[in-house]
Amino acid sequence: MGKPGERKLQILHTLAEMLEAPVAEKITTAALAARIDVSEAALYRHFASKAQMYEGLIEFIEQTLFSLINRITGEETRGLEQARAMAQMLLAFAERNRGMTRVLTGEVLVNENERLQARVNQLLDRVEASLRQSLRIAASQGALAAERDGALAANLILAWVQGRWQQFVKSGFRRAPLENWEAQWGLLTAGLLTPGP
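Each residue of the sequence shown is one higher than the last, beginning at 104 in our numbering.
Worth flagging that the hints you see were computed from the coordinates, not collected in a lab. In this text the structure is predicted, and so the values were computed from the model without any measurement. Not one of these hints is a red herring.
In silico DMTMM-like cross-links for lysine to aspartate or glutamate, where the CA-CA straight-line distance does not exceed 25 Å:
| hint | residue 1 | residue 2 |
| --- | --- | --- |
| 1 | K111 | E123 |
| 2 | K153 | E123 |
| 3 | K129 | E215 |
| 4 | K153 | E165 |
| 5 | K153 | D140 |
| 6 | K273 | E215 |
| 7 | K111 | E165 |
| 8 | K273 | E162 |
| 9 | K111 | E143 |
| 10 | K111 | E217 |
| 11 | K129 | E143 |
| 12 | K111 | D140 |
| 13 | K273 | E231 |
| 14 | K111 | E162 |
| 15 | K111 | E210 |
| 16 | K273 | E158 |
| 17 | K129 | E158 |
| 18 | K273 | E128 |
| 19 | K111 | E158 |
| 20 | K273 | D228 |
| 21 | K273 | E120 |
| 22 | K273 | E285 |
| 23 | K153 | E210 |
| 24 | K273 | E210 |
| 25 | K129 | E217 |
| 26 | K273 | E165 |
| 27 | K273 | E217 |
| 28 | K153 | E120 |
| 29 | K129 | E162 |
| 30 | K111 | E215 |
| 31 | K129 | E198 |
When you get a sec, could you build the whole thing from the sequences and use the hints?
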């Protein structure tokens, strides 16, 4: 772990790992330092505060999600398929990154600096805007029923994804976000689609 950048990544990686414990505990910088086998002072050489560490995790989540969203919108031209792939990706991300899901649900941010929750809210607003854009494309392609509001649908999809994240976290990571994915997506979108011939 020679380079400062590598140590920073190790700190963030360890913090995310500690957040993966099925029972949430308040994570202290002392516990984090002990897990990495460094002094608390060494942590503070890389991050000015614990809030800054959480900020680093939120930045990682943001970069990961939006690079995946950009890949989806770059590869898929059908708007409804873009929205479907985004929802599935958001659930799969949670399943693979349990500690990060605790950050996305805000559970670990309760006693932290309020700007962290504001930052997560901003990230989720951007995700919703991406869903809205895909549903706008779907409407222009005739895939959505004419009377359906894409903005309302985007909000509903995001609220459902967040609900699945919550269930995952609150169940101690036993209720997998992708469980019954196909069936639930079908129920969710049944009212949006243009009726078949």
